[in-house]
Structure formats: structure tokens, C-alpha cells
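Novice: For reference, the chains in residue letters:
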Amino acid sequence: MTAGTIHNKDQFLNKITSQLGSERNRQAGLPEWQHRPQLDVFSGASVNELAAAFKKNSLEKSTFVVNTDRTNLAEALQEVIKKYGGGQVVASKDSRFGEFGLDAVLDNGETHIWDINRGLENIEIAKKANIGLFISDAALAESGTIVQFNDKDIARSISLLPTVYVAIVPKSTIVPRMTQVVQAVHQSVEEGNNLATCINFISGPSNSADIEMNIVIGVHGPVEAVHVIVEDL
Amino acid sequence: MAMKIGEKPFFDRVDDALEDGFMRNAMAKAQDGLRGRKLNATVGDEQIGDWEEWRSAGEEIRRHTLENLDFYLDQLSENFARQGGHVYFAETAEDATRYIQEVAKKKNAKKITKAKSMVTEEIGLNEALEEIGCEVYETDLAEYILQIDDHDRPSHIVVPSLHKNKEQIRDTFRDKANYTGTSEPRELTAFARSQLRETFMEADIGVTGCNFAVAESGTISLVTNEGNANMVTTFPETQITVMGMERLVPTWNELDVMINLLSRSAVGQKITTYVTNLTPQLEEDSIDAPKEFHLVILDAGRSNALGTEFQSALHCIRCAACVNVCPVYRHIGGHAYGSIYQGPIGAVLSPILGGYEEYGELPYASSLCAACTEACPVKIPLHEHLIKHRENYVEKIGMTGEKMAMKTFGIGVSSPALFKLAVKGMPAVLGPLVKDNSITSGPGPMKLWTSVRKFPAPGKDNFRNWFNDRAKGRE
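As they're listed, the protein sequences go chains A and B.
Heads up: the first sequence begins at 0 in numbering that gives the first Met the number 0, then just goes up one per residue.
Heads up: the second sequence begins at 0 in numbering that gives the first Met the number 0, then just goes up one per residue.
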């Protein structure tokens, strides 16, 4: 992207300031919030309790859940891929696959690792892929949600275009709720870091209730979803 | 088409709605379903603690943000532009559509995909883009259904096609898109998926609304379920987001609270399937991300509420929880409101955005039962706003019939002799209309009442006589 632009700001904001009976260019200053119920959710819960809640809430969102450990992860993953029909897999380019000992699983001829040097061909492959595979950056116990900080390697298409998404969820990354993730993002902003262009909270397969309020699973995003929880502590 | 729906006067629209049995049943069923889901996910979910605390947190955040709206919009625009995004502040709907037309022309755009957005509906964006030769594709399932049904209008803020049943949808798909399947929702949905799959990839521009913008980082947050918003914001080279100027939060910490309130209040989910947070980046090197990102911030009448008793109406997060509990909406449905914003919030917001001349009767579409106020996740005093609107409407615009009736009543009660005469004469005046001790077809202003229920015949006796007789009896 080239440098950005802003049009009509002063005229627009001066009108608001005048309507509010206030003064421009003041600092708003965040107040000390009186109500912060988000801090109490799963407060004091153990890692195991969080993992159990994450599993329960994933299942509620029509997501298949597998529990495994580092030693058995490769085998568990192969079983999942087989269970969901195999075929073309598209995976993010993520050094953590190697750390989890999954390089051999990915090097099977049917898995495409996202490679920006291959340009739009990546998207064509993802469109035809049966399974999109990635490692989540965080997971929310309250809602069975996985979080992706997308970039050129952790591509958005991987969790979006294939029929099934398979997310590997390191148990150590499960937090009570969105609160803990946004706190980290807020801190990163305060430190002056650039954010990922897309921070995606995903909770199971796409769905809609637009026709007579009947819930239909599988609309424009994946039709099925799998969360593989890995003991990594 | 923009904000207004239909040309008929308000009461004619209401009459049309009351005669539509299917629509009324659909509304009742949908209201019950949505309300039940919301209760399960709010007061019924022990996991999140006291729901009232969440409502108070939401109110506190929205109040502070609106009181400092100029500051946070300034911060948002600077942060968005610093990272390569383009911000356009639009005073009016026309201003916004003109800018978006210019961008589309500059990009030589032919195909445009859209995620569901009430604000783009409000400004009539589809028509503006079609005017310059673009093909616009609605991709949210409900909006897709409405679009291919000759651009039918939304009847609910969250589920715009609520007034249609699956058989009607099947017939529309068959007549307009050569669909040959059944009326099963699963099959209808699969058809929409297949129809739009390639379109997502071919689009030149993706257009979205904005659930919340985050001022501290210049981020746009979208709350969806179908995956279409992700498609719209991933594959086109250019993204345009249109936001009502009040739809922002100071930091990510406040975003958390608002997402929770919205997901649980709107659709009874702990969180929607996708919460997608998009920030422009100067060094964007992803293959599957827009290369150009525009943010249009819209006033279009919203500033009318700032600094007035209606300011808290801008706290609204468009969850439709008030719509889902409103007894009037239940009976007249969405189209009767004549605005894309329906139900209690529609009756409050539409006169602010569009004026009393056009929408001044909407605040009367309420029983003032205050169920809306109770349901609102950010504690907007909706029924109080409705009362204030009514006062303003009578004072500033006036309803001739009501004014005359009140004036006549004023004259009558100011003179004891006239009052006595009126009370005594009432049984005789209304006598010819009485049948079985009630009136079923009243004249003039009574007609509105008697068209839906019986009016009791005035008693032959009156309170003063009864009181005097009783007093004498005691003596």
C-alpha cells in the first residue's frame, strides 16, 4: 500500500465538536471503567479446566475435537485427514509444524505449503483443497474459538476456502476468553508495533440461520471443522 | 432506494401488514426463537456472570465514546491512514456514494461483492454503483435472497429476509436463477454457495459495513457467521468499508465487551463464527489481502442527535434485541415501518436520520411497554426516546386531528357547564352506533380504535351522579 489519505476531516469533526459543546484537539482520556465483568470469566481456572471448556464449546459449535499429545500428534493428524476424506491439503508456512514433529506428515505429496513465491497459484490450490491445516495462535475456552494472526505465510485462505479446516491447538495457548487476546493486542499497539492485517477469531464451520431460522452448517466458508488439542506443557 | 421503504402512508402500510397472515406468523416465530436464544446466552449463561454487569459495562463504554466522538474519530482516521488506508468523511449519503463511485471508476471496477451492511442500504450504495455500470453482488444469504427477488427490502436488522418462507425462496431461486432443487434450507443454501463461489474470486472491489472500528489501531471489526465477509475482504484488490460515524470503540479492550454484547444479544451466540479484524498495512505482502483499503465514515443525520436528549440513540450496536421483544413489531412486521431500521430502535433512529416529516409517525408504533429498554444490551432508554419524539412531533409538526381533538377537549374541560353537557350528551350522541353494548364501527378518530377492537358504549349514568347518590345514601 502507498501512503494513506484523509479527506474532509476538520469540517466533519468540527461540526461534531460543536454539537457536543466541546473543544477540538483535547485528549479524551479513558476513564477507570466501573464495570469489568470480562475479567471474572473463568478467573482462576486451571489449564485443564480451560481445555475442557474449550472442547465442550467447540463441540457445541459443530466442531469435531481430538485430544492428543506431542508424541501421538502426527498419527492423530493423519487419522483426522483420512477421516475427512484425504485429498489435497493446504497448510500455512509455519515453523511450529517442525517443532511439533509434523514435517514428515506434510511431506506426503498431497500437501501444499503456502508459498508467496508461487503467487496466485496458492489461492487456486486452496480453492480445490479438501483440507486447510494450520496452528492456532490462541484459543478461547468460553466459546471454542481459535485465533489466527494472518500474514503472508499464515494466509487467510487456508482457514476459509477448503471444505474442512483443521486447527492444531496447543493446550498452552488456551485462554479464558477474548479478553486475554485483546489485552495482548492492546499492549502491542501501545508498544508501537504493527498489527497483523487480519486478526481472525473463528469458531467452527460457517453457518447461517437466514432461512426460516433453520441453522444450516456450511455456507461460504468451510463446511466442517476440527480442533486438535495438543498437550504441550 | 436508500432508507425509505415504500410510498404508502404509515397506517396503510400497517393495514397491509395486518392482513398478511404468513408474515405475522413468521415474525412471531422468529421473535420467539431469537428471544429464547438471547435469554439462554445472556441471563441464562452462568459462565459469563451477571448479565446486568455486562450491560452496565456496555453503557459506560458507549457513553464515554460518544461524549468524545470527535477525539476518537480523529484518532481512528489518523491510525488508519498512517498504515496506508484512505479515509473519507462523508457528511451526507450522496457525498459517500459519490466518493465510492469515484473509487470504483478509478479502479475500472466491474464486479463488486458486498457483505451484509445496513449502512450501505441506508445510503443506497447498490443503486449508485449500478448507475455507473458495476455489477453488485450481495453475498450474505438473506441479502442475496432479497436481491434476486427484484431487490426486495429488509424487514429485520439482523435477518433481513425474515418475511419470506422457504417455499417463497425456492420459487424465487427457480424463477430468477434456474434453481431446480427443493425448499430444504440446506439445499437452498448450497445453491447460493455454488452461485457465489466464483464471483468472490472475480470481484474487483469488496464492500463491507463496520460493526466496530478500533480507534487506537485503525482496525475494522466484522461480526459474521457465513464466511462471506471473509471472502469479500480477502480476494478483491480493493476493499471499501462504510461505517456510521458512531460505530467505534477507543481500544481493543472495549471491543471485547462490545463483541460479547452484540453476539449474545443479536443471535444468542457466545461469539459469532467469525470476528474478523482488519487493519491496513503499508507493507502488505500477502497474496490474499486487499492492496487498497478505503474507509468511508458517514454522518447522514447522526450528528442531529449529538448534544441532544437523543444522543444515547447513537449508542446502538444494531443487535435488534429491542426488535425481537417488541409487541408492535410482532404484529406489523418490518416493512410497515417504512424504514430499513425497524422496531423500537428504528422508530427512534429513523426520525433522527430522516426527519419528522418522513418518519414522525413511527414513534407511535409502540405500546410504550418498555420491553425494548429492558432488552437493550447498552441500556438505551428507548421508550423514553419514543415519548420525547411524540412530544416533538406534536409540537413541531403536529397532527391536525389530534391537535383538534386536544383543543376541543381543552375547551370542554375548562368550562364546568360544557363538561356537564358533554358527559350527559355522550350516550345520546353515540347511541345510534351502539350494538350489544359496544361500538364496533366508530366515526373519525374512533375508527382507528374500533378497527381492531370494540369500544365500550358510554354508560347511561356517570361518575358524578353515582358519587352524589352514594354520598346521599351514606347521610
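Each hint should be verified, as a subset may be incorrect.
Below, computed lysine to aspartate or glutamate pairings styled on EDC-like, alpha-carbon distance capped at 16 Å [what the hints assert, rightly or not]:
#1 K8/A <-> E129/B
#2 K165/B <-> E59/A
#3 K110/B <-> D94/B
#4 K14/A <-> E66/B
#5 K104/B <-> E129/B
#6 K126/A <-> E201/B
#7 K55/A <-> E201/B
#8 K14/A <-> E90/B
#9 K109/B <-> E126/B
#10 K151/A <-> D114/A
#11 K28/B <-> E211/A
#12 K151/A <-> E283/B
#13 K8/A <-> E90/B
#14 K106/B <-> E201/B
#15 K151/A <-> E201/B
#16 K8/A <-> D284/B
#17 K81/A <-> E109/A
#18 K126/A <-> E197/B
#19 K3/B <-> E93/B
#20 K92/A <-> E31/A
#21 K55/A <-> E197/B
#22 K175/B <-> D151/B
#23 K92/A <-> D284/B
#24 K151/A <-> E90/B
#25 K290/B <-> E59/A
#26 K127/A <-> E197/B
If you are wondering where the hints come from, they were derived from the structure by calculation, not from laboratory data.
Novice: None of the hints should be skipped; say for each whether it holds.
Specialist: Do the hints match the structure? See the list:
1. K8/A <-> E129/B: 28 Å, violated
2. K165/B <-> E59/A: 26 Å, violated
3. K110/B <-> D94/B: 22 Å, violated
4. K14/A <-> E66/B: Within the cut-off at roughly 14 Å; holds.
5. K104/B <-> E129/B: 12 Å, holds
6. K126/A <-> E201/B: 13 Å, holds
7. K55/A <-> E201/B: Violated, because 39 Å separates the two Cα atoms, which is more than 16 Å.
8. K14/A <-> E90/B: At roughly 10 Å apart (the allowed maximum being 16 Å), E90/B and K14/A satisfy the hint.
9. K109/B <-> E126/B: The given pair, whose Cα atoms are some 14 Å apart, holds under the 16 Å limit.
10. K151/A <-> D114/A: Roughly 8 Å separates the two Cα atoms, so the pair holds.
11. K28/B <-> E211/A: Holds. K28/B to E211/A sits at ~9 Å (cutoff 16 Å).
12. K151/A <-> E283/B: It holds: about 8 Å lies between the C-alpha atoms, which stays within 16 Å.
13. K8/A <-> E90/B: 10 Å, holds
14. K106/B <-> E201/B: Given pair K106/B, E201/B holds - Cα atoms ~14 Å apart, limit 16 Å.
15. K151/A <-> E201/B: 21 Å, violated
16. K8/A <-> D284/B: It is violated: about 29 Å lies between the C-alpha atoms, which goes past 16 Å.
17. K81/A <-> E109/A: Holds. K81/A to E109/A sits at ~12 Å (cutoff 16 Å).
18. K126/A <-> E197/B: This hinted pair holds, its Cα atoms lying about 10 Å apart.
19. K3/B <-> E93/B: 15 Å, holds
20. K92/A <-> E31/A: Violated: K92/A and E31/A sit about 42 Å apart, past 16 Å.
21. K55/A <-> E197/B: 35 Å, violated
22. K175/B <-> D151/B: 13 Å, holds
23. K92/A <-> D284/B: 14 Å, holds
24. K151/A <-> E90/B: 37 Å, violated
25. K290/B <-> E59/A: Given pair K290/B, E59/A is violated - Cα atoms ~37 Å apart, limit 16 Å.
26. K127/A <-> E197/B: 12 Å, holds
Checked against the numbered hints listed earlier, the structure breaks hints 1, 2, 3, 7, 15, 16, 20, 21, 24, 25; every other hint is satisfied.
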